[in-house]
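For chain A, the structure is supplied; the task is to place chain B on it using the hints.
Chains as they are written, first to last, in the numbering used here: chain A, 1 to 567; chain B, 1001 to 1298.
These are computed hints drawn from the structure, not numbers from a lab. Predicted, not measured: the structure shown is a model, and the values here were computed from it.
Quick list of in silico lysine-lysine cross-link-like pairs, DSS-like style, CA-CA up to 27 Å: (1) A:LYS238 / B:LYS1033; (2) A:LYS455 / B:LYS1033; (3) A:LYS494 / A:LYS483; (4) A:LYS519 / A:LYS342; (5) A:LYS431 / A:LYS396; (6) A:LYS500 / A:LYS483; (7) A:LYS250 / B:LYS1080; (8) A:LYS234 / B:LYS1033; (9) A:LYS229 / B:LYS1033; (10) B:LYS1080 / A:LYS284; (11) A:LYS500 / A:LYS519.
Rough simulated footprint, nothing fancy, chain B against chain A, three-plus residues with beta-carbon under 8 Å: (12) 247 to 259; (13) 443 to 455.
Ideal placement from N, C-alpha and C gives every residue a C-beta, glycine not left out.
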Amino acid sequence: MRRDEIQRQVDAVRAERSELENHIIDEYRAGYIGRREFIRRGTVIGMSLPLVGFLASACGDDDDDGQGQTTGTEVDTSDIKKGGVLKTGILAPASDLDPIVVNNEGALAILGQSGEYLVFSDSTLKAVPRLAESWKPNRDGSQWEFKIRQGVKYHDGKPMTAEDVAATFNLHADPDSGSNALSAFTGVLSPGGAQAIDKSTVMFELDAPNGNFPYSTSSDNYNMIILPKGFDTKTWPKTFLGTGPWKLEKYTPNVGVTYTKNPDYWDTARQPLGAGSEIKFYEKEEAGILGVQGGEVDVLAHFSPVGGEPLLTDPNIQVIELRSSVHRQLHMRTDKEPFNDKRVRQAVALLIDRENLIEGLLEGKSDPGNDSPFAPVYPSTDKSVAQRKQDVEKAKQLLSDAGKGNFSVELRTWNGFEIPPYSELIQSDLKEAGITVTLDITDAGTYYGDAVFGKSPWLDSTFGITEYGHRGVPNVFLGAPLKSDGTWNSAHFKNKEYDKLVTDYVAALDLQSQRTAAKQIQELLLDEVPIVFAYFYYYLTATKPNVAGVQVSAMGHVDVVQSGEKA
Amino acid sequence: MIIFLAAQVLPGDVARRILGPFADQRAVDELSKELGTDQSLLAQYWDWISSFVTGDLGESAVTGRPVSDVLLDPLVASAKLALLAFIIVVPLSIAGGVLAALHEGTGRDRLISVGGLSATAIPEFVWAVLFLLIFALWLGWFPTTAQPPDGAGLFTQIEYLLLPSLCLVCVLFGYIARMARAGTIEALEADYTRTAILKGLPQRTVIRRHVLRNSLLPTIAVVATQAGYLMGGLVIIETIFNYQGIGLTLARAATQKDIPVLQSGVLIIGIVYLVATLIADILYSVLNPRVRLEAAAE
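Here chain A stands alone, though its shape is the one from the complex (with noise of 0.2 Å):
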C-alpha cells in the first residue's frame, strides 16, 4: 500500500479515537514508547488488537514483534497432536477453592482453568481481552466503559451476561463478602460501582482515577472470574462452573481435577486441541519436580530457582521462564533504632550483594532490584535511575556519620521459599560492616500472625522479610506495603511526598506520565529505603521437550487449551 494511502487511513482511525488514544499514537510516532510498549498500552486503555497492530504496523517500523492476534498470545499448533490429554502438575490448593477466598497459587491456576475473566494479563503483561470485548476510560481515567461479549455462555448452557459482570464485581467489592479481592479494590472500587448499563456495557464508576484499572478486572486479580448474578460461591467446587475451554469432570480434593472440553466454547480461534486436561496436586514442590522429571506429568506449572535447580540443568527438561514481579521485601522499621536514621538504611542496601545473590542463591534467574516496587519487567520502569551496587566503604562511612558503629539486630521472617538462605546472605554481608543479625525464622502462620498491627511479627518487627508475588502493574506494591496508611506498612514508612506521588502515578493515563512519576518514586524511594528490593525473580515453568504451546502467567495462571504432544 503507498505511504500517502497510510497515512490517509492512519488519519481516517485517529479522528474517531479519544484524546487520551491519540496522545499515546502520538508517543509512539515520537519515538518515546517502543511498539511492544504501544502495543501493551494501547491494550490497556481499549484498543483492539487488530486497531493496535495496524497503527503499530502504520505508524512505526515494520518489524513484527508476533502481536495482533484477537484474544490471546499466538501459539503456532500446526505441529501439536491433537486429542490427547496433558497432565499439569501445580503445588496443591492451600484453601477451599471458594473464588470468594480463593488466595494462593495452586487455587488461582484451578480458577482460571473452567473459569474466565474480563482480561487476560498474559506473560507479557499485554491486556489481552477474554469476556470484555473492548474497554475504554473516561478523560481522568475515573470511569470505565467496558464492552462485554455477547454469545457467551456458562458450563450449565445459561448466558453470560452484563448483569452478571456487574454483580460480580459488586459481590467482591463488598466488604460483606469477606471476599480476598478486596485489597485489591480498596481505593479503587466500592460496593455498587459497577453497573450494567445496557446488555453488553458495564461502567465502571472508580473512587479515584486508575489508568491501570483494566489489571483489576483481569487474571491478575484472580478472584475475578465472571459467575452468574447471584450465584453461591460456596458451591462452585462442586461444578467449577464458568466460560472457559475446560469444563469439569472429576474433582478429587487433595489429589487433581479432570477436565473435558467445553463444546461450547466461544472463543473459535482457541479452541481447545486436547480431548481433555488433568492438573494434579502436589504438596511440595519437590514432588512436583520429581512428577515432571519421572514423566508422572508433562507440565509442571512453577518451580522456584532454588528448589528446582535439577530442572535447570536436566537435558530432558524444557523450561519456560518469564520475568516477573515475584520478590521479597526486606523492610526496616524507619520510625524504630537502629534505622530510624535513613544513613543506617542506606548503609544496609549497600551491603548487600546483589550479584552474588542472584547468580549465586537464584542461578541467574532473576533481575536486580533497586529498592522500589518498579520491577525492570514494568515498562514504566525508568531505567535510567543508576543500579545501586554494593559498596562496602560507603556503608561503613554511612554508619560511622550516623554514629551507628558494631550494632545488632534480629531479622525476623519465615521458612518458605529462597528465604532462609536469603536471610543468612544477608546475615553474612552485613557483618563486612560489624553489624551482627540475628536470625528469627519461624513458620508462616507465626510470622504473619493476626496480619495486623500490633498482633504480627510480619508487621511489628524492626527488621523482616515478607514474599511478595507477581503483579502485572506495582501498584499494589506501591500502595499497602509503602503509603503512610498502608495495610502492610511493615516499615512504618510515612512520607507525604511519596503518597502523592504514588497518587498521581496511579491515576495516570499515558505511559509517560507514568515514567515521569516513577522516576521520582524511585529516586525517592532510593534514597529513603524503608525497604530493599534486591531481586524480582523469574517465573520458571517446567515441561517434558515433546510438549509445545504450554502458555503460563508470572501470577500463576497455565494454560494448556492451545498445547499437546508435538507430532
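Just chain B now, kept in the frame of chain A:
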C-alpha cells in the same frame, strides 16, 4: 480437649489462615463470624463436642466439607499403605529374626542384626529419596509418586505403593527382627524346648510348635504399636511420595489451623491405636495359653 487447647496456641486465627496475610481485615472479620471462630473458646468447644457425641464430626473450617468426607479417603489410603508395608515387613522381619537366632553368633546373624539396625537408624526420608532416585528416576521401574491414578486396579495400586512400603520395611525391619531374634533365642534356651528336643521331636516341629509360638509374643506387641504409627505417623513419607494419607491430612490441618479436622483425625488415630492393641492382646492370648487359663481361672 487437649488437641483443641493445643490448637489454640498456634499463632494466627483460622480466617486469617484461610484468606492469607494480605487479605483485608474486614474480609477476615466476616469470615471469622461465618466460621464461628469469633466466639469464645468454651462456646466453640461445646459446639464441637456436642455434635461429636451425636456422630456429627462437623465441617472443615478451611474447605467447608464434612470432616467425615475429608478424613475417609485419606484413612483408606493410609490403611492400604500400612497393609502393604505390613504384609512385606512382618513375615520378612520375623523370618530374619528367627534365622538370626538359629544362627546366633555367625556371620548370618551379624548380617541380619547389624544390617537391620543400620537400616532402622537411617531416617525414612533418606530411604525415600534414595529409592526415588534409584528406582524411579534412574531405572524408571516405579512411579515417582505413591498416588495411583483414578480407578487403578489392585496391581497398579501395589506398583505405586511399593516404593514407600519398601522405605517403611527398611525402617521397621531391624526393630521387629531384633524382637523376633531375642524372643527366639529366649525360647530356644527354655526348658520346654530342651524337653521337646530330648523327647526326639524333629527340629522343624520344635521350632514351629514350641519356639515360634513363644518367640512371637513380644514381636506381636511391637507390631501392634507400629500399626498406629503406620496409620497416622507417615507425614514425611506421604509428603515425599505425594500420597494423600491421614498423616499428611492432619499435618495440613494443623498448618491451616483446621481444628475440626485435626480433632476428629487425632481421635480416629487414637481409636486405631486402641484397636491395634486390642488385636495384639487377642493374638497374645491365642498364642499364649497361660493368659487364657489365667483369665478362665479368675
